[in-house]
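Engineer: Sequence:
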Amino acid sequence: MHTYHYGDGDKDVLSASKGDGKIAWYANDGSGGFRSQQVISTLADGARQVVAADVDGDGSMDALRL
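If you number the sequence shown the way this note's numbering does, the last residue is 66 and the count never jumps.
Quick caveat, the hints were computed from the structure, so don't treat them as lab data.
The model shown is predicted, which means the values in this text are computed figures rather than measured ones.
From the three backbone atoms N, C-alpha and C, an ideal C-beta is built for every residue, glycine too.
Take these hints with a grain of salt, some might be off.
FRET-style restraints, in silico, Cβ to Cβ [claimed, not checked]: (1) K11 x L66: 16 to 22 Å; (2) D8 x V51: 27 to 33 Å; (3) R35 x G57: 25 to 31 Å; (4) G19 x D56: 17 to 23 Å; (5) D20 x L64: 26 to 32 Å; (6) G57 x G32: 29 to 35 Å; (7) D10 x G46: 29 to 35 Å; (8) G57 x S31: 30 to 36 Å; (9) G9 x L43: 15 to 21 Å.
In silico SDA-like cross-links for lysine to any residue, where the CA-CA straight-line distance does not exceed 20 Å [stated by the list, open to error]: (10) K11 x A52; (11) K11 x G30; (12) K18 x G57.
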């Protein structure tokens, strides 16, 4: 699991699931909770970690599976 800011100042959560290859994003709702899971990929077989970084330099965060 990795927390990051998606431009609104609230910490969101990225998660990696080794068992089913899922990378998911949970947006912070701004009041102490999180919105529903948003699946980014189900093709990340063996994923153990996910991080956010602006890899392509466009100013938005990208999810990286490690």
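Engineer: All hints are to be evaluated individually against the structure, with a verdict given for each.
Structural biologist: How the hints compare with the structure:
1. K11 x L66: 16 to 22 Å: holds, 20 Å
2. D8 x V51: 27 to 33 Å: Once the Cβ atoms are compared, 19 Å apart, the range 27 to 33 Å for V51 and D8 is violated.
3. R35 x G57: 25 to 31 Å: About 27 Å separates the Cβ atoms of R35 and G57, which means 25 to 31 Å holds.
4. G19 x D56: 17 to 23 Å: violated, 29 Å
5. D20 x L64: 26 to 32 Å: Check failed, 19 Å falls outside 26 to 32 Å.
6. G57 x G32: 29 to 35 Å: holds, 33 Å
7. D10 x G46: 29 to 35 Å: holds, 30 Å
8. G57 x S31: 30 to 36 Å: At 32 Å between Cβs, range holds.
9. G9 x L43: 15 to 21 Å: violated, 31 Å
10. K11 x A52: holds, 12 Å
11. K11 x G30: holds, 9 Å
12. K18 x G57: violated, 28 Å
Checked against the numbered hints listed earlier, the structure breaks hints 2, 4, 5, 9 and 12; every other hint is satisfied.
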